[in-house]
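Protein chains in written order, with the working numbering: chain A, 1 to 256; chain B, 1 to 246; chain C, 1 to 420.
Keep in mind that the hints were calculated from the coordinates and are not lab data. One thing to keep in mind: the hints can contain errors.
Stated by the list, open to error - Footprint (simulated), chain C over chain A, 3 or more residues, beta carbon under 8 Å:
{"#": "1", "region": "47–59"}
{"#": "2", "region": "183–190"}
Claimed, not checked - Okay, derived cross-link-like pairs now, DSS-like style, lysine-lysine, Cα gap no bigger than 30 Å in a straight line:
{"#": "3", "chain 1": "B", "residue 1": "Lys6", "chain 2": "A", "residue 2": "Lys253"}
{"#": "4", "chain 1": "B", "residue 1": "Lys148", "chain 2": "A", "residue 2": "Lys4"}
{"#": "5", "chain 1": "C", "residue 1": "Lys394", "chain 2": "A", "residue 2": "Lys42"}
{"#": "6", "chain 1": "A", "residue 1": "Lys7", "chain 2": "B", "residue 2": "Lys148"}
{"#": "7", "chain 1": "B", "residue 1": "Lys18", "chain 2": "A", "residue 2": "Lys83"}
{"#": "8", "chain 1": "B", "residue 1": "Lys81", "chain 2": "B", "residue 2": "Lys148"}
{"#": "9", "chain 1": "B", "residue 1": "Lys6", "chain 2": "A", "residue 2": "Lys252"}
{"#": "10", "chain 1": "C", "residue 1": "Lys405", "chain 2": "C", "residue 2": "Lys353"}
{"#": "11", "chain 1": "C", "residue 1": "Lys228", "chain 2": "A", "residue 2": "Lys42"}
{"#": "12", "chain 1": "B", "residue 1": "Lys13", "chain 2": "A", "residue 2": "Lys83"}
{"#": "13", "chain 1": "B", "residue 1": "Lys81", "chain 2": "A", "residue 2": "Lys4"}
Fair warning: this is a prediction, and the values are worked out from it, not measured in the lab. Here a beta-carbon is modelled for each residue, glycine too, at the ideal position from N, C-alpha and C.
Below are the chains, spelled out letter by letter.
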Amino acid sequence: MNNKIIKYVISDLLRNRTILFYTLVLLTLSLSIFLMEDNTDKGIASMLNLVLFVVPLVCIVFSSIYLYNSAEFIALLVSQPLKRQSIWLSIFMGLATAMTLAFFIGVGIPTFIFAYSLSGITLVIGGLLLSLIFVSIATWTAVRIRDKSKGIGLAIILWLYFALIFDAMLLFLLFQFADYPIEKMMIAVSMLNPIDISRILILLEIDLSAMMGYTGAIFRDFFGTHIGMLITVLVMLMWTALPLWFATRHFKKKDL
Amino acid sequence: MIKIEKLSKHFGKLQVLKDIDLSLTPGQCISLIGPNGSGKTTLIKTILGMVVPSSGNIYVEGKNINREWAYRSDIGYMPQKGEYPENMSIGQVLDMMIDIRKTPSHLLDNELYEKFEIETMLDKRMRTLSGGTRQKVSACLAFMFNPKVLILDEPTAGLDPVATEILKEKIIREKEKNKLILITSHVLSDLDDLVSQIIYMQDGELRFHKSLAELKADTGTDKLSRAIAHVMGYKTMFTKEVIHEQ
Amino acid sequence: MKSFLFYILITCVCLCMVVGPTGATTIHVGKQHAISSIIQAIAKAKNGDTIMVHGGLYQEENILITKSLTLIGKNNPVIDAQKKHEPVSIKANYVTIKGFTIKNSAHSSLKDIAAVKVYNGSHIAIENNILDNNFFGIYLQNAKNCRIENNRLQTYGETERLVGNGIHAWKSDSIAILNNEIAGHRDGIYLEFVTHTQVDRNRAQNNLRYGLHFMFSHDNQYHYNTFKANGAGVAVMYTQRMRMEHNIFEENWGDATYGLLLKDITDSYIQNNTFVKNTTGIFMEGSNRIQIQQNSFENNGWAIKIFTSCMHNTLSRNTFIQNTFDVATNGGKMTNTFNGNYWDQYEGYDLNKDGIGDVPHHPVSLFSMLVERYPAAMLLFRSFMVTLFDRSEKMIPSLTPENLKDENPLMKPDKRTVIR
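Whole structure, please, built from the sequences with the hints as guidance.
See below:
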């Protein structure tokens, strides 16, 4: 990584109107949710939609657009005496810092002010990790697909997949195997979708696990333990690292 | 200075460079010409490491550039279309490049910076700049670090006549400093008085690499543009006889 | 003049004391008195006597009462059974136990040992006692016309098997259970084959199973009780003609936890109760002809789970606020009537301003149906897809029961419901 590039990418992004707008929208929504809802757990449940759907969408689409718009600039950087790997990682770091900072100001600070609890902290950590993961996925799609509109299209489809289609398939699986004890398998399957992992973690924290009945108990048994938590965090980090790693590997050989 | 051996590049099924062999020496201003899609830009990009060749090798000062990156500090590159992070100011872009190159300030070549009067627009954001101004910034950056090799992709496109003249004079001066200058350009007349060698490419193949004098003699014209037109017009005639020109 | 009246008063009092209770005497028990053991005092006493037990620690054998006696604790005497036996057993009619602390009964699930156990008695009053760390608290067996009032029961069981019920009645009739506080027992109050009983103003909290539990007990009623954080607030099973009114069910939260669990109940009334923060407010199975009216359901996971085995129940003028699911059912035909309730999830309008929404409200969401059939689907709770499902189902109902709807949803909560 190259600190100079990170520094310049961040200073470029912090002046980006979309990022500023994104931060403001997050901030407005979180404040209005927390001010209208006096029960913090209910507030956090309302924040869920924001964190689980809006944040990934903005992160993946904005990062894709930014990467495509920076294609020439990235090419210019490549023509400079710089390692390709460090260029790509630096750009990721810049994007990731900007998106997580926007999230932290927009959601993290209001949550810590109005709902400083284990569930609030889980919500913020979940959102931060989701920001990283979806920036990382964007780097992968942007490096693999040369055409801007196709790339942004794929980014949106991927978001749809994680936010919607995956759950639909999960539901279908549930119906098919309803007669079997599938709860433990479901934990494994849910690991394939970072949005689901975050959602379940937060729901368990706001004590909706009682409503999740037997499923909730099984999930609590897993996520409630240190080992389970460790595995979950590792899986989330893998979700950040793997797309980035594939993207960097491809970028090293890419023709610009 | 730069030696290219059996360089080939495929984009999928399309072969854009076919077994290119070239040897470029310092003190020359080489014009790389050819119709659209002939592989000029790809060739430049392989030298810069932006495109990874399918086969063949490139040596810069005797070193194979495969998987290398440090050699690029010897190269100044002015892209065809200079795009920079749109929210950065010109000053920041310059600072960033200086940061990246790590060249001490007393070794910087600020001639173009001064002549293009970039100092007066340091605070302007890149997204507000016209194409011409961006070209000026790109040119300024290419020359700033005193590189041994200058690669200029369509340098005069978008520049006003005054700026073009400044750039041409700068190129001439650098050539005299025994640097290697590689230029692609469509607008041939701009370059007539600079060029010392011509590389002509077509369909990914190197058609010839000649000195200007040779070319003029071969085609029987005394103007570069006419010579080129001649080459393009009668390219079938040349295909056979040109092959071993160096 | 004044002193004359005073003399008359004194004379009356003396007459009452000497003549009133025909031949009854008061035996004092305590360190400062001739008799220091309650057992001795009982042996000496005859029917109708009062035994006044003064403050102090009484570690005796089983205190067996076979005569009609009034035992009154003065300055909080403590009966400590040291986990060896049953502290107090009553095998007589007309007995009163008042003002004692009774603690550390033996534990035996074979013999159902209780702090105070009544074997076949009537007109027994157990009042103002503190029962601490006993197996069962107060146990009535074949009792009639008894009163259990103002007692505080506390025990510290960790699992249901290691602890008995707080107040337990079996095959009894006309019992009044009033103003007691029960915590830490298996069931706070357990009534089996008990009739014509009134359970009022009690507070059952943190009991391991149910706050109040009826089995095969008809014609009973309970009012103004609070059931908080029990395994389930109240369970009513195989029972007819119950009145359940003005109670508070709160924070009965956890797996398989309910505010009110109804199983095979008929012809009963559930009115003016408040259900707050329960996993399931009311869980109904096989229950018919119940009037559920003017209750308020707030912040529950499920306000009501009503199965298709329930028929001809009426829900009206209830208030539903901030529940995750208002109504869940296992589908199919419904013969229950929802009419004139307030639903905060109602999205209709009231053009003629008569306070009643102009379009019917469907309180069952598609997802709640799904979860009822496939509990593991709760995994997808609050996912984007589920939100979409529910939205589309609201617009074009296809899977949710068509006839489960409120034709006259209120625009504002009924004034008579108690809202927190």
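Cross-check of the supplied hints:
no. : hint                : result
1   : 47–59               : holds (count 4)
2   : 183–190             : holds (count 3)
3   : B:Lys6 - A:Lys253   : holds (19 Å)
4   : B:Lys148 - A:Lys4   : holds (24 Å)
5   : C:Lys394 - A:Lys42  : holds (23 Å)
6   : A:Lys7 - B:Lys148   : holds (29 Å)
7   : B:Lys18 - A:Lys83   : holds (27 Å)
8   : B:Lys81 - B:Lys148  : holds (22 Å)
9   : B:Lys6 - A:Lys252   : holds (22 Å)
10  : C:Lys405 - C:Lys353 : holds (21 Å)
11  : C:Lys228 - A:Lys42  : holds (21 Å)
12  : B:Lys13 - A:Lys83   : holds (29 Å)
13  : B:Lys81 - A:Lys4    : holds (23 Å)
Comparing the model with each earlier hint shows no violations; every hint is respected.
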